[in-house]
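Protein chains in written order, with the numbering used here: chain H, 1 to 256; chain X, 1 to 276; chain S, 1 to 264.
Simulated from the structure, these hints should not be mistaken for laboratory data.
Heads up, a few of these hints could be off.
Claimed, not checked - One side of the interface only, derived from the structure: several residues of chain X facing chain S at Cβ under 8 Å:
(1) F129
(2) A170
(3) V174
Every residue, glycine too, gets a C-beta built ideally from N, C-alpha and C.
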Amino acid sequence: MSPLLAVRGLSVAFPAREGRVEALRDVSFDLAAGERLAVIGESGSGKTTLGLALAGLLPTSAIVAGIVDWPGLGRAPSAGRDIGFVFQDPGASLDPLMTVGEQVAEVAEAHLGLSRRQARAAAVDRLSEVGLPEPAELAHAWPHQLSGGQRQRVAIAAALAGEPRLLIADEPTSALDTIVQARIVALLARLSAERRLALVFISHDIALAAGLAERIAVFRHGGLVEIGPAAETVRAPRQLYTRMLLDAHLGLEADA
Amino acid sequence: MSGLRRLLGAPGGLLGVALLAAFLLAALLAPLAFPGDPQAIAGPPLLRPFADAAWPLGTDRLGRDVAAELAHGARTSLAVGLVAAAAALALGSLVGTLSGFAGGVLDEMLMRITEAFQTVPGFLLALAFVSSVGPSLAVLSAAIALAAWTGPARLARAEVLSIRARDYVAAARVAGMHPVEIALREVLPNALPPVLALASVIVAQAILAEAALSFLGLGDPNRVTWGGMIAEGRTVLRSAPFLSIVPGLALVAAVLGVHLTGEAAVEAQAARRSLA
Amino acid sequence: MSPLLAVSDLSKRFRRGDRAIAAVDAVDLTLERGETLALVGPSGSGKSTLARLVLRLVEPDRGTVHFAGVDFLALAGARLRAARAGLQMVFQDPLSAFNPRATVGSAIADPLRIHGLVGRRDRPRAVAALLERVGLPSTLAARSIHEISGGQRQRVAIARALAPRPSLIVLDEALSALDVSVRGDVLSLLSELQRDADLGYLFISHDLGVVNAFADRVAVMDAGRIVETGPAREVIRHPRSATARALKAAVPGLLPAAPEGTQP
Numbered sequence: 001m002s003p004l005l006a007v008r009g010l011s012v013a014f015p016a017r018e019g020r021v022e023a024l025r026d027v028s029f030d031l032a033a034g035e036r037l038a039v040i041g042e043s044g045s046g047k048t049t050l051g052l053a054l055a056g057l058l059p060t061s062a063i064v065a066g067i068v069d070w071p072g073l074g075r076a077p078s079a080g081r082d083i084g085f086v087f088q089d090p091g092a093s094l095d096p097l098m099t100v101g102e103q104v105a106e107v108a109e110a111h112l113g114l115s116r117r118q119a120r121a122a123a124v125d126r127l128s129e130v131g132l133p134e135p136a137e138l139a140h141a142w143p144h145q146l147s148g149g150q151r152q153r154v155a156i157a158a159a160l161a162g163e164p165r166l167l168i169a170d171e172p173t174s175a176l177d178t179i180v181q182a183r184i185v186a187l188l189a190r191l192s193a194e195r196r197l198a199l200v201f202i203s204h205d206i207a208l209a210a211g212l213a214e215r216i217a218v219f220r221h222g223g224l225v226e227i228g229p230a231a232e233t234v235r236a237p238r239q240l241y242t243r244m245l246l247d248a249h250l251g252l253e254a255d256a
Numbered sequence: 001m002s003g004l005r006r007l008l009g010a011p012g013g014l015l016g017v018a019l020l021a022a023f024l025l026a027a028l029l030a031p032l033a034f035p036g037d038p039q040a041i042a043g044p045p046l047l048r049p050f051a052d053a054a055w056p057l058g059t060d061r062l063g064r065d066v067a068a069e070l071a072h073g074a075r076t077s078l079a080v081g082l083v084a085a086a087a088a089l090a091l092g093s094l095v096g097t098l099s100g101f102a103g104g105v106l107d108e109m110l111m112r113i114t115e116a117f118q119t120v121p122g123f124l125l126a127l128a129f130v131s132s133v134g135p136s137l138a139v140l141s142a143a144i145a146l147a148a149w150t151g152p153a154r155l156a157r158a159e160v161l162s163i164r165a166r167d168y169v170a171a172a173r174v175a176g177m178h179p180v181e182i183a184l185r186e187v188l189p190n191a192l193p194p195v196l197a198l199a200s201v202i203v204a205q206a207i208l209a210e211a212a213l214s215f216l217g218l219g220d221p222n223r224v225t226w227g228g229m230i231a232e233g234r235t236v237l238r239s240a241p242f243l244s245i246v247p248g249l250a251l252v253a254a255v256l257g258v259h260l261t262g263e264a265a266v267e268a269q270a271a272r273r274s275l276a
Numbered sequence: 001m002s003p004l005l006a007v008s009d010l011s012k013r014f015r016r017g018d019r020a021i022a023a024v025d026a027v028d029l030t031l032e033r034g035e036t037l038a039l040v041g042p043s044g045s046g047k048s049t050l051a052r053l054v055l056r057l058v059e060p061d062r063g064t065v066h067f068a069g070v071d072f073l074a075l076a077g078a079r080l081r082a083a084r085a086g087l088q089m090v091f092q093d094p095l096s097a098f099n100p101r102a103t104v105g106s107a108i109a110d111p112l113r114i115h116g117l118v119g120r121r122d123r124p125r126a127v128a129a130l131l132e133r134v135g136l137p138s139t140l141a142a143r144s145i146h147e148i149s150g151g152q153r154q155r156v157a158i159a160r161a162l163a164p165r166p167s168l169i170v171l172d173e174a175l176s177a178l179d180v181s182v183r184g185d186v187l188s189l190l191s192e193l194q195r196d197a198d199l200g201y202l203f204i205s206h207d208l209g210v211v212n213a214f215a216d217r218v219a220v221m222d223a224g225r226i227v228e229t230g231p232a233r234e235v236i237r238h239p240r241s242a243t244a245r246a247l248k249a250a251v252p253g254l255l256p257a258a259p260e261g262t263q264p
């Protein structure tokens, strides 16, 4: 079966004061339909650039080489329609002057060709799907009336509204506390399973990723360090850097 | 040097700088290029532009050299524009900063006063002020500043309030820094640059306001002004339209130059920050 | 001997619209010299407000704060500013915690100057010593805060907090913006500094994994109140309050992926 997404020799650089800064160097991997892939890296690893490159959201100044192919789709994807994107800060990605229902409906209307009325109904469905209570009433709320976790759920609902095949979530929980983080991660896992939605989960936290993803890709300084099944990578990492990330994890295992 | 390059590279930057440079050169070189009184009769009346090399832009109804008037008018425009903008920025920054720092009753009072000024159309205010005090360069500048200080005041207040809530101000308090030092070293240097970025807009507005007041006959009577030239050209608009058109074009060019340069400077600044 | 920090009945309400919300509600806590007390809780539980009340960045409505035996809330003006030397803070985001115009050297020299600890001529040497103490090269002093990495910046923030020779440092989520590879080093630096100077830490966090590795005691906050306190290991092993149990359950473990995620 052909993968949903095939990345071959992807390199991205940005012009800088002197010369250019390489953000990604010669990255290749596949992503199957419905697969959950975690992209792990520290600051400067290129993980955010990868997410933007997959979604076609790189700034126009970026210098791109290599191929991002969509054999599983059979055509060029469009952001919003085929790819949903969830950003780190849900406060910044929602429009403060639109009710949450309108924001979700807008995506459905633009990408699914629904009428305004149908889009509104679809928005309530999406809000319900992401586990927000009383979605019909909540659709009339403004972003500032919601908590950080609720806002991130709305952002996920909006990302789903175009019925995408791939959801890219860039550090979607790092602005949230651990309790809310665990719930959002569980939500992403459920949505991926229910919708056969491929997920690229970008994170700095390898433990969090291991609990969610089937495969883990570790990035450092713009290069792909290793990629493999999550359980295997956590149990027996092939690279020293991955070992270091695992050792740096502060969990409660010893006390469990 | 790279700052200048970025300024010229920004959209409209080159045109803006060129127009502004022409404006500044005309103003600075006016006494050298056209010595003597520009209001003196210099030749035959109503000579068309480009007709005689001695009066390249022609002469007006009384035979005054239009080119000389234009250059000296640039001086007036520039002087009023700069003085009025400086005064508006100084007054606005002072009121806004005081308001932002003091909070409470003083803040409330200063903001009500600012709003009161804002509800009166600025030009009418300037008009009333000049017609009651009498026209002179200083009064004109003051009148225009009086109409333009509210924008800087509100922005300065908003910036001060926003920066007071930043972590680094909290860090300075934790370090035991004196409130006056916090205001002068931590808050103001970061709050005022966005306010100063308003300068180009205010200078452009001031040049226009000065021209409008002069057009209405409220300009400094001892100086040539572009507004006054346009007004005078009106009487012979059918036979010699260039007498209104030439200073009108100069006015547009000067305002556009100031505005575009300011715009490009702000953009170059933003580009530098995003690269850093 | 009295504890280093004793907080009693501390309360603060904020007005939001026409409702008043109790951000901190009748909180009591103590912290001994050389001790690390972790203040944990979900976001909005009031832990950051509590820290800001203790530091007098926000004035409380009610209650007392005694620091090193002194009634901290009774101080004002110059005496308050002088007393602030003993009680320092490291912020979550090391970038926003510095004046954008500051250099590394000026940021660290400020507290030395303000509290008159080191004369003008000896300041560069004192700054260099502080930089070395937090594991940074002294040549960094001339650099702008913007030019250094996030991990280095947080070390500079620690050096700045150490400069006035405090006995208590509030660490407000001070590790959560750091890369994991840097976080471990900063944690061991903090532990080392604590041993050397008998420093107390009030460590604010929502991550029990980090707290487990670092804190002596834990106070669990929820909705402005302290719902549980105790030795860190004990609270983490046998949480009694619902909040502590939820925080514990939320710590990700290095276990293989559950095939089908379900919402807890």
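Results of checking the hints against the structure:
Interface hint at F129 (chain X): violated, since its Cβ lies 39 Å from the closest Cβ of chain S, which is beyond the 8 Å cut-off. Look at A170 (chain X): its Cβ gets to within about 5 Å of chain S, closer than 8 Å, so that hint holds up. About 5 Å separates the beta-carbon of V174 (chain X) from the nearest beta-carbon of chain S, less than 8 Å, and the hint is met.
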